[in-house]
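Produce the complete structure using the sequences and hints provided.
Chains as they are written, first to last, in our numbering: chain A, 4 to 483; chain B, 1382 to 1477.
To be clear, the hints were calculated from the coordinates, so they are not data collected in a lab.
Just so you know, even glycine gets a beta-carbon here, dropped at the ideal spot from N, CA and C.
Any given hint could be a false lead.
To be verified - In silico contact screen, one side only, chain A against chain B (beta carbon under 7 angstroms); selected entries:
#1 99
#2 235
#3 307
#4 325
#5 346
#6 348
#7 380
As the list claims (entries may be wrong) - Straight-line C-alpha distance at most 30 angstroms; calculated DSSO-like pairs for lysine-lysine:
#8 A/353 x B/1461
#9 A/53 x A/35
#10 A/342 x B/1474
#11 B/1383 x A/233
#12 A/46 x A/82
Unchecked claim - If the Cβ cut is set under 8 angstroms, some of the chain B residues that face chain A in the computed set are:
#13 1448
#14 1449
#15 1459
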Amino acid sequence: MIRELHKKLIEKKITAVELAEKYFSEIEKRDKGISAYLTLTKKIALEQAKKVDAKIKKGEEIDLLAGIPIAIKDNFCVKGERATAASKILENYIAPYDATVVSKLKKNDAVILGKTNLDEFAMGASTENSAFQKTKNPIDEKRVPGGSSGGSAAAVASGMAVGALGSDTGGSIRQPASFCGVVGLKPTYGRVSRYGIMAMASSFDQVGPFARTVEDAAIIFSRIAGRDKKDATSAKSGGKFYEDYLTGDIEGLTIGVPDEYFSDDLDEEIKEVAWAALGKFKKLGAKVKKIKIPHSEFALPIYYILVPSEVSSNMARFDGIRYGLSVDDKKNSKIGGGKLLETYLDTREKGFGDEVKRRIMLGTYALSAGYYDAYYKKAQKVRNLLKQDFEKAFKEVDLIFSPTAPEVAFKFDEKTNDPLKMYLSDMYTVTANLVGVPAISFPIGNIMKSKKELPVGGQLMGKWFDEETLLNAAHSFEVN
Amino acid sequence: MKLDKQEIEHIASLARIGLSKKEIENNQGDLSSILDYFEKLKKVKTDKVEEIRHITGVTNVYRDDKVVKCEESERQQILKNAPEISDNQFKVKSVL
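Laid out in structure tokens, this is it:
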């Protein structure tokens, strides 16, 4: 889609301003029903679009992303615009700087349409935890778009943006991509700068694109990847244009299928779609091989100790002093203390939603005196063992395949009380964040539910820093 | 194993969140579940295993110890977000 739009722009069949206005009018039509956007950034969008049109007029070369309308998840900072993280505690916060990935998009003259809805501080898997609004799945408005990047996924799926950025800590790009029938990529940890993204779990968070096609995702990804001085955890980037690696040929590629991911507990309909996808990969020349991930049963326990621990540390900055909500109800707390303590207690009580409070409490407990060694340190060791499982597996295979989620988009308030489903649902996506590998979700089929065709996403995990192989495999599946 | 009210109140105090009575009750159940998860990890032998630090092995990234000034517009925007300022400084309530 990006290439076609780029062609139209340079052939002057449409101006960047017209393209931006077309998307804003689409948003006006559809977003009343979907509620994907929290804030629209018309002023900067049109400024950027005008810049692009001026360059085209002068005959200057423009990047593939120039003039392309992109939506940004609201836990990213866009200078001068509201950044709420879908939380009351930041309801009126105006970002004083651009996240590095936002600067990169601006450098390539992309057009930023607005900030999208999410689960508060990216904690959730349905976008229902947003303090402001419920985003609906464009395919069936009685169902969730997934989360936490539900707004970004819904915007792209419904044609209210060409592409979008999201963040992924345990599946927050891939699962909504799967639920909304679009492509979502979580790069290798360290591949994309986290500077200017509100941190959730710093050793897990990664930024990635949503798009309608793998090629579009590759184009956006190439322009946001790269080492950043402002993010000490970011790694070197080869400066590659990943769209150039999409040959569509996967002859001889080996795809691993973990026994643990295809147990008898997995929903039969999803299993069928997944097996059919593997059949297609085989037809395209790939080899499919059974593999084992022995420590996969510990992925969730590790995740539930490490993530809340890191969350509890990252959420400490919201104290009502330098920014955000500041509350003091003037009643002395039972715990006692001076007025400053009162500000902390009241602000955080009023400003944070239930899920955020829950995770802060979990993490504070796990890290508290006497427990750090037993919980956090132990979990980091088992995390190492899980990483070693993947190192061994990647000696035999190039990629690892599974469904992205063991379910299609569920209905609002239909909390999955099935413990087995809950177990498996996170297992497919959290593992990539635990071990740092890149992972992509792409549409592999549909399942009929409530008389609607609901999309099923397939997930491929690749070797560290080998996004080329990953993207090419998903691309080959898509175009053949 | 269920944690008692005092422990929950202690954690809430460490986390600086003024939880309501009902929230404290709810948290008793939630926090106890983490102990179940820990039980699972006890099974794994990790005596000779190192903890993961940076997942892809990046270590000690330094920058020059120099002050980098920020634009006045940026500084003003930062101060605008603050609940209370005085003399271009964040105003903090008394600690004691």
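Hint by hint, here is what the structure shows:
Given the 7 angstroms rule on beta carbons, the hint for residue 99 of chain A holds: about 4 angstroms separates it from the nearest Cβ of chain B. Taking 7 angstroms as the C-beta cut-off, the interface hint given for residue 235 of chain A holds, the closest approach to chain B being about 4 angstroms. At about 5 angstroms, the closest approach between the beta carbon of residue 307 of chain A and any beta carbon in chain B falls short of 7 angstroms, and the interface hint on this residue holds. Given the 7 angstroms rule on beta carbons, the hint for residue 325 of chain A holds: about 5 angstroms separates it from the nearest Cβ of chain B.
About 6 angstroms separates the beta-carbon of residue 346 of chain A from the nearest beta-carbon of chain B, less than 7 angstroms, and the hint is met. With a cut of 7 angstroms, the hint placing residue 348 of chain A at the interface with chain B holds, because the nearest CB-to-CB distance is about 3 angstroms. Taking 7 angstroms as the C-beta contact cut-off toward chain B, the hint placing residue 380 of chain A at the interface holds, the least distance being around 6 angstroms. Pair hint residue 353 of chain A plus residue 1461 of chain B holds up; C-alpha atoms about 21 angstroms apart against a cutoff of 30 angstroms.
Pair hint residue 53 of chain A plus residue 35 of chain A holds up; C-alpha atoms about 27 angstroms apart against a cutoff of 30 angstroms. For the given pair, residue 342 of chain A sits about 6 angstroms from residue 1474 of chain B by alpha-carbon distance, which is consistent with the 30 angstroms threshold. Proposed proximity of residue 1383 of chain B and residue 233 of chain A is contradicted: the alpha carbons are some 43 angstroms apart, above 30 angstroms. Restraint check: the Cα-Cα separation between residue 46 of chain A and residue 82 of chain A comes to about 12 angstroms, which is no more than 30 angstroms; the hinted pair holds.
For residue 1448 of chain B, the interface hint is violated, since its Cβ never comes within 8 angstroms of a Cβ in chain A; the closest pair sits about 15 angstroms apart. The beta carbon of residue 1449 of chain B comes no nearer than 10 angstroms to any beta carbon in chain A, farther than 8 angstroms, and the hint placing it at the interface is violated. The criterion of a C-beta within 8 angstroms of any C-beta in chain A is met by residue 1459 of chain B, whose closest approach is roughly 5 angstroms, and the hint holds.
Checked against the numbered hints listed earlier, the structure breaks hints 11, 13 and 14; every other hint is satisfied.
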